[in-house]
Amino acid sequence: MKPNYHITFIFVVFINVVHSNWIPRKENEGNVNICDKLDEYVNSPYSEEQFLKYSDVKACYELTSYNKTKAIQVIETVKEYLKGFYALLDQAKEESNPGFDLRPIDLISELDLVVKNNYSYEYQFIYDVANLIEELRDGHTRLRSDDYYKYLFDQGLSMYSVIKKDGTQQIKVFNDIKEPSNVDCQVIDIDGKPAIDAIIEFARDHTFYSRDLSARFNSALASLVFGNGDFYIAGQLFTYRNQLPKNPSISYTLNCNGKFSKITREWQVSIKSVQYKSPYISGTSVGNATLIFDAFIARFYILQDFGVVLISTEDIINNSLDLEYHFLSNIVAGFKLFADKGIKKIILDLSNNGGGYIFIGHYINKLLFPNIQNFPLDYKVNDISIPFIKEISRIKKGIGNIFHYKSFTSVKTKSSFDSVNDLIGNDIYTRGGVQVRYTSKAFHNDTTNYIGTFKLPKPPKFPWTEKDIVILTNGLCQSTCAIITQRLAEINVPTIAVGGFPNTRFSFAQYAVGEASSSADIQPLLELKNINSSLVSKLSLPSNLTLYFTLAEAYSIKNPNEVMDYAYRPADYQLYYDERSARDPSHLWLQAAKYFRK
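Numbering (mature numbering (1 follows the signal peptide of the UniProt record, and there is no 0)), first residue to last: -20 to -1, 1 to 578.
Treat the hints with care, since some could be wrong.
Pair ranges (Cβ atoms, derived) [to be verified]:
hint, residue 1, residue 2, range
1, E75, K376, 42 to 52 Å
2, S265, I157, 32 to 42 Å
3, S241, Y212, 22 to 32 Å
4, E75, G209, 41 to 51 Å
5, S231, K447, 44 to 54 Å
6, Y575, T484, 15 to 25 Å
7, G147, E90, 38 to 48 Å
8, F423, R485, 36 to 46 Å
9, N351, N237, 48 to 58 Å
10, K376, N512, 17 to 27 Å
11, Y575, K48, 23 to 33 Å
12, S514, G209, 40 to 50 Å
Capping the alpha-carbon separation at 20 Å, the derived lysine-lysine pairs in PhoX-like fashion look like this [to be verified]:
hint, residue 1, residue 2
13, K73, K63
14, K438, K346
15, K394, K421
16, K38, K226
17, K346, K435
18, K38, K130
19, K392, K226
20, K574, K324
None of these hints come from the bench; they were simulated from the model. Don't be surprised by glycine CBs; every beta carbon is placed ideally from N, CA and C.
Generate the whole structure from the sequences, applying the supplied hints.
Listed below in structure tokens is the structure:
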């Protein structure tokens, strides 16, 4: 799956920042170690193989011995970032909504416990710290190492879940590039454990893209995703990982039309990221749906008498401003085509959206409902964040940055803040048993009329209301995608979640966040004029480590004191995949059409 992205810092300072380095040491000085050999092989234009040996990668990861002094430095720096910037740090200590599957976690205290463990290798330490942070189940908050998350471990096999007519749930093979005859065989057990139990255990303990276990269960399995102008197989985190699996292989017992067999799959270490194109959808055709417009990041279909819009919020992020303008202009054109053809009902299918550029979420909301207001936000105020807020706010070119007071409109006054101190405010909440200070609640200034200097076309007034639109996701609608779906749900647009467990309603979207950021974004700002050297020292992570975090939390419009990240929002309705609908989403669209509000 793709990671989540937000364009958080518009103002960039181009300065060389000194980082401390943490480089795997060589076995024998003067000799090439296994990590160097792997890098040389991967970067060689003459490499014939597409995979590395699991044993070689494991040996590389175990090459660097654990250094407790460096480990303590890493822990202390991570703690400073979290205390200074992570908006949800204290709320994570509280009991969560019963709809979520996660435990209260005092992350600062538990990080201190990690360095009391005895490790042989640096990788074991990094793995434990990363896993502990992922227990927040906040897809924006994670620790990544360039040394230990550089390879992808693949089995060439993916699975999916179907609900039979009698209500029983089965795990079946969705795709198998090594042995296509296994497709649709039932997976009975995995490493001797019932398949359902093995997938649930993995989803519960080793996925972090949602606080809702049903959505995490979906992410462990395979499903189709529309993105980058095509359909791919997404999810499948159980068999496509970026952490070193503990064992070199996994065994599966299959039932293929009454014939039982046991197969063992070795982990293959992909040299490059592999995107599995869907073998089940050819070109732009989806079942009996008729494509009327392809906007690259969106497709517009007509099925029977209603319209379907497939939207990918991710693909816009790495494109130039003129391409972004082109894509969003095409989205306007697609909706206009629907209106011109007299389409009265629309399904928005946003399944498998991992995030993207916040702008596109705000833009689509305003496109369909011009008077809609975005979620307000705030962020932490303390000795670490205040210097950045004040220093960025001094710089005229900093307008647009999350730290600049002129980037916001006050929720209370509905006008711009008069000074940086007005933004800083004095809002104090009790969370996790402690009092925490946040900025005044604010709306990002509306910038949905322009991309850079490109003025977007003014859309016509569309005829659809909240009664004419249905949202469909598989729960994996995160961040920017959630900005669309959770905001529209608050004006009573019906929502449908696909998959999960039988008769268990679950979240249709995850964390409609205010802003996400990272230590890499903060690093250049450490060289601003009035950021003192002690703060620079506290926030200097090794150059091969990056900490990502939720910087600003978003609040519900409907329930003004409810933080969206911890708001349990189950879908209004639930559908399930079967052997047809898992491969042809038009079958889901026909089922979803039953839920248009009369």
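Going down the list of hints, with the structure as the test:
A C-beta distance of roughly 45 Å is found between E75 and K376, which places it inside the suggested range of 42 to 52 Å. The given range of 32 to 42 Å is broken by S265 and I157, whose C-beta atoms sit roughly 23 Å from each other. For the hinted restraint 22 to 32 Å between S241 and Y212, the CB-CB distance of approximately 28 Å keeps it satisfied. A hinted range of 41 to 51 Å holds for the C-beta pair E75 and G209, which are about 44 Å apart.
One distance hint, 44 to 54 Å for the beta-carbon pair S231 and K447, holds here, with the actual separation near 51 Å. Y575 and T484 have their C-beta atoms about 18 Å apart, which keeps the hinted 15 to 25 Å range intact. At about 39 Å, the beta-carbon gap between G147 and E90 stays in the expected band of 38 to 48 Å. Here the CB-CB span from F423 to R485 is close to 31 Å, at odds with the stated 36 to 46 Å.
For the pair N351 and N237, the beta carbons lie near 56 Å from each other, so the given range of 48 to 58 Å is met. Look at K376 against N512: about 23 Å separates their beta carbons, and that is inside 17 to 27 Å. Our hint of 23 to 33 Å for Y575 and K48 is violated, since their Cβ atoms are close to 57 Å apart. Evaluation of the 40 to 50 Å hint for S514 and G209 yields a pass: the beta carbon distance comes to about 49 Å.
Note on K73 and K63: the hinted pairing holds, with a Cα-Cα distance of about 13 Å set against a maximum of 20 Å. With a C-alpha separation of about 11 Å, the suggested pair K438 and K346 falls inside the 20 Å cut-off, and the hint holds. Among the hinted pairs, K394 with K421 is consistent with the structure: their alpha-carbon atoms are about 11 Å apart, no more than 20 Å. Only pairs whose Cα atoms come within 20 Å are accepted, and K38 paired with K226 is accepted, the gap being roughly 9 Å.
Distance check on the hinted pair: K346 and K435 sit about 15 Å apart at the alpha-carbon level, within 20 Å; holds. A C-alpha spacing of about 12 Å is found between K38 and K130, which places the hinted pair at or below 20 Å, so the restraint holds. For the suggested pair K392 and K226, the alpha carbons sit about 53 Å apart, so the restraint of at most 20 Å is broken. Restraint check for K574 and K324: satisfied, since their Cα atoms lie roughly 14 Å apart, inside the 20 Å limit.
Of the numbered hints stated above, those contradicted by the structure are hints 2, 8, 11, 19, listed in ascending order.
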